[in-house]
Amino acid sequence: DTEVTQTPKHLVMGMTNKKSLKCEQHMGHRAMYWYKQKAKKPPELMFVYSYEKLSINESVPSRFSPECPNSSLLNLHLHALQPEDSALYLCASSHSIQETVRDTEAFFGQGTRLTVV
Amino acid sequence: AQTVTQSQPEMSVQEAETVTLSCTYDTSENNYYLFWYKQPPSRQMILVIRQEAYKQQNATENRFSVNFQKAAKSFSLKISDSQLGDTAMYFCAFRRATGGGADGLTFGKGTHLIIQP
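Taken in sequence, the protein lines are chains A and B. Heads up, the first sequence is in the numbering used here, so the first residue is 2 and it goes up one at a time. Heads up, the second sequence is in the numbering used here, so the first residue is 134 and it goes up one at a time.
Keep in mind the hints are simulated off the structure, nothing from the lab. In this text the structure is predicted, and so the values were computed from the model without any measurement. Any given hint might turn out to be false.
Claimed, not checked - Keeping only pairs whose Cα atoms sit at most 25 Å apart, straight-line, the calculated DSS-like set for lysine-lysine is:
1) A:K10 x A:K42
2) A:K41 x B:K211
3) A:K10 x A:K23
4) A:K42 x B:K242
5) B:K242 x A:K10
6) A:K39 x B:K242
7) A:K10 x A:K41
8) A:K41 x B:K242
9) B:K188 x A:K42
10) A:K19 x B:K206
11) B:K211 x B:K242
12) B:K188 x B:K211
13) B:K206 x B:K188
Said to hold, decoys possible - Computed, partial: chain A to chain B, Cβ under 7 Å:
14) L46
15) C69
16) T105
To be verified - Now the in silico label distances, taken between C-beta atoms and shown as ranges:
17) B:K203 x A:S56: 42 to 50 Å
18) A:S73 x B:P173: 37 to 45 Å
19) B:K242 x A:P84: 44 to 52 Å
The beta-carbon is built from N, C-alpha and C at its ideal position, and this holds for glycine as well.
Could you put together the complete structure from these sequences and hints?
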């Protein structure tokens, strides 16, 4: 199983709503990532979890709150978002320790297309 | 910090032709990995090919090969016998070799490759 599953695929939310994005993998990866991708732009790293602990936060506003409840799951909790937060949110996973070059590969989900109205 | 530059926003070639996508990068790291990812309209990022910086030999994967010039900090992708299914956005990406712990990818702006029938 080399799949990273993200739900939901599409989400429309108001600026006062609270919602969550979910990401799941069963490849035994201990590193998980959230990226934000605006239209016609490259993905930008938001958060990195390593062994269920937050290791990198790329100065993301607090209205985005990540959570890694176990080694297979990664959530992104959303609250009081702005219209400019509308984007594709990609989850990825990889091995945390890179013993071989194959360990460096990041597997991506299909993303959640988020629209904030 | 590292930067990745892709200077070709869009390229179009005929089916069965060979096409080369350019990528340059800047880093002070000595050990790192370079990747080409493909993102078709389905949105999922798919790894095309990877290269370890400490290996002089250029990586190849079937119709895909790279020309890695470490001193010039250049990492181009050659696609031979191009197929309609190769139509996608192609991103060049950089990752530090941390030796332990996770690190995210830094992407270039991408090249939109169109294969014409």
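Hints, one by one, checked against the model:
1. A:K10 x A:K42: holds, 19 Å
2. A:K41 x B:K211: Roughly 22 Å between the alpha carbons, so the hint for A:K41 and B:K211 holds.
3. A:K10 x A:K23: holds, 10 Å
4. A:K42 x B:K242: holds, 6 Å
5. B:K242 x A:K10: holds, 24 Å
6. A:K39 x B:K242: It holds: about 11 Å lies between the C-alpha atoms, which stays within 25 Å.
7. A:K10 x A:K41: Holds, because 19 Å separates the two Cα atoms, which is no more than 25 Å.
8. A:K41 x B:K242: Holds, because 8 Å separates the two Cα atoms, which is no more than 25 Å.
9. B:K188 x A:K42: Judged against 25 Å, a Cα distance of about 30 Å means the pair is violated.
10. A:K19 x B:K206: violated, 44 Å
11. B:K211 x B:K242: Holds, at about 18 Å.
12. B:K188 x B:K211: Measuring from Cα to Cα gives roughly 18 Å; hence the hint holds.
13. B:K206 x B:K188: Between B:K206 and B:K188 the Cα gap is close to 14 Å, so the pair holds against 25 Å.
14. L46: Holds. Min distance 4 Å.
15. C69: Not OK, violated: A:C69 not within 7 Å of chain B, min 12 Å.
16. T105: holds, 5 Å
17. B:K203 x A:S56: 42 to 50 Å: Given range 42 to 50 Å: violated, Cβ gap about 28 Å.
18. A:S73 x B:P173: 37 to 45 Å: Check failed, 26 Å falls outside 37 to 45 Å.
19. B:K242 x A:P84: 44 to 52 Å: Since B:K242 and A:P84 have Cβ atoms about 23 Å apart, the given range 44 to 52 Å is violated.
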